[in-house]
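Engineer: Below are the chains, spelled out letter by letter.
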Amino acid sequence: MRVGVLGIGKTPHKIQHDKSLRDLIVDAGRLAMDDAGVEARAVQAYYLGNAGCTGFCFENSVALMGADHLGLVPSPAVRVEAACGTGAWALHLGCVAILSGLYDTVLVMGAEKMNDLATVEGTSIIAQAADSKEEYFSGLTFPSGVALTMRKYMQVYGRSEEDLAHVSVKNHHYGARNPYAHLRFECTVDEVMRSAKVADPLKLYEVCPMTDAASAMVLCREEILRDQPERPQVYVTATSMGSGTWYAASDTLDDAFALLAKPAEKAYAMAGIGPTDVDVAEIYNSFAIQEPLGIESLGFAERGEGWRGALDGSTWIDGEVGVNLSGGLLCKGHPLGATGTSQAVDLVEQLRGTAPEGIQRKDAEIGMSACRGGPGAVAAIHVYQRLEGEA
Amino acid sequence: MTVSAIEFSRLGPPKLVLYAMRCRTCKTLHPWWERYTCGVCGSRDLVEEKVEGTGELVNYTVVYYPPRDFLGQEPYVVGHIELDEGVLVPAPVVGIAPDDVEVGSRVRSTLRRMKLGHEGDIYYSQKFVLDDDPPKRRRSPAQAAKKTPAKAAATRRSSPRPRRGSAR
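Chains as they are written, first to last, in my numbering: chain A, 22 to 412; chain B, 251 to 418.
Only chain B is shown next, with the shape it has when bound in the complex:
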């Protein structure tokens, strides 16, 4: 992928926080990329919604021939993670040898260096690691949202922030 400095600035805060796209009409939760129209009900009213970042690894592959920006990381594991909120997210799974990966494992997201752009620009984003925390210690997404509004506002420009491409 090639990204110009102008595009880089438009991308805004990169994907430092894991979120999903919630349709405010039919409440469907979509994966975390730009979504202009809900594929389920056709609504244009979608907002970013922070998710807890914990879930189950439901499928995975091991990439031996990476795209340019991932050269040097191969072989690496890319998984489909079913988040506890019920949305599927594709992401690298790290900290585990490809041969040891098991479908059904509990995983949680963690901020990592994702890849190197072709001009040496570094991209950070969410990767997943095995979740060793006992589930009972974790707060529910609702609790997390209540307790950390300031932090959420600091990392997101606003919540919900205007969609890119909207008139402003």
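Same shape as in the complex, but just chain A:
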């Protein structure tokens, strides 16, 4: 499959008290349409990923709001929600819409406004992506659910907290170089270890911040992009989704592995590539432990070894595969609905060669994104390729 990426746009990732949800939507949407050279009235459908507007903003039908403010009316618009996999689902639906032949050009976007509320309110809203009425009745939160996974990983594979701290060090190295990132500072293993406890053994530098951001892509039929050879020839060449358990208690390490591994296998087949072909990957890491889990699921490392690349350099910018050169969610933050689209936009920049200095992988041609959501419930894999000069 090939779906053309005609244009991309993104806002900075940070606490933006001066921006409302609609401001973010309009900013990202206009940037993407301008980059694509597409008028609003030429957009035939609009898929907006937004996970928590009813809680964070007390607004609901925000895709309709966005369509009106972006000038997309009368084209159809819909809000997409799938926990932290929301933005990736909007991208998936946009790809499916193009592949179906029904639309030539669509706008996919993720947008989230999280910082009008305090952390305690935000934590409670985010917990609604799990069974907040039954399982989370016991005082679990998303960080504590993942902390249990982290301890299990340490138990099963005999890893220490220091081993896993290297993951945060790598992410912060690149986050410090990404002007669009929320947290822009480097840190050492020692600093990770000394950062405040959030949910033992998870520490503050292993947890993403709550972030306001939006990012968008204009997708088109393959031929439309092919007919504009002056534009960067970046295509989505695989979109593969999956699901897993909605309960943290039944999310074993095997389940966590399979969640991404199954759709990844399909994605590799769809794109006709293998793990060694991937130059750059954006792997969901709202908590640091999820990066090694994702690396193992995508086949970049053996099980129990996914953390090691951050130590030996194989997942750094000039390693076998550059993982989270954007700084990952740990530094970019995790604007729930915008995370999937942010991964996609950042990878397209890598393939276009327009990523910021210090995080641009040399000659990147193939990118892969892995997004997940809920305790272990949503999986989304996408492959992006630069295909210059092909017929």
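It is worth saying that the hints were derived from the structure and are not from the lab. Think of the CB as a built atom: it goes at the ideal place given N, C-alpha and C, for glycine as much as any other residue. Keep in mind that a hint or two might mislead.
[As the list claims (entries may be wrong)] Distance ranges between label pairs, derived from CB positions:
no.	chain 1	residue 1	chain 2	residue 2	range
1	B	Asp295	A	Asn81	34 to 40 Å
2	B	Pro325	A	Glu142	17 to 23 Å
3	A	His90	B	Cys276	35 to 41 Å
Given the structure of chain A, go ahead and fit chain B onto it with the hints provided.
Structural biologist: Here is chain B on its own, set in the frame of chain A:
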């Protein structure tokens, strides 16, 4: 979590007794929340089954940033307890300092105040404490079920009671 008075009434007897969900087709035991379809065999035939409430702490975390309803309890321990019946239950572990918690400890359930709703409504449910009873003194779940049918019927509406959402 926000619960209206209407929802509160629908929730029925809150989780005063620890139970699990048994699939009557493949016999798999699932944790103690509403379960409409067995994830193992696909059966729709699941019933609540009382469990003894004793088991082993197999994993835990210490929560320093709680959700709203748990404010004031932090830092608190949430554990994964592998019940003797073979099902995993997440629950707070109380009566022990976070630094003293050890994986592998024997624990038993106890009815405690779980949390405060945002309108001051109090929720009771099962927490776990270290189990100091010598194991030999305890009755097996089968014995317990035989000896206390009246008590079980009094605390459960019926056994098995119709699933919420079923036609009645």
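Engineer: With 35 to 41 Å as the target window, see if His90/A and Cys276/B comply at their CB atoms.
Structural biologist: This hint is violated: roughly 52 Å between Cβ atoms.
Engineer: Taking the CB of Pro325/B and the CB of Glu142/A, does the distance hold inside 17 to 23 Å?
Structural biologist: Hint holds: Cβ distance 20 Å, inside 17 to 23 Å.
Engineer: Determine whether the Cβ-Cβ distance between Asp295/B and Asn81/A falls within the hinted range of 34 to 40 Å.
Structural biologist: The hint (34 to 40 Å, Cβ to Cβ) holds, given that Asp295/B and Asn81/A are roughly 37 Å apart.
Hint compliance for this structure: hint 3 alone is broken.
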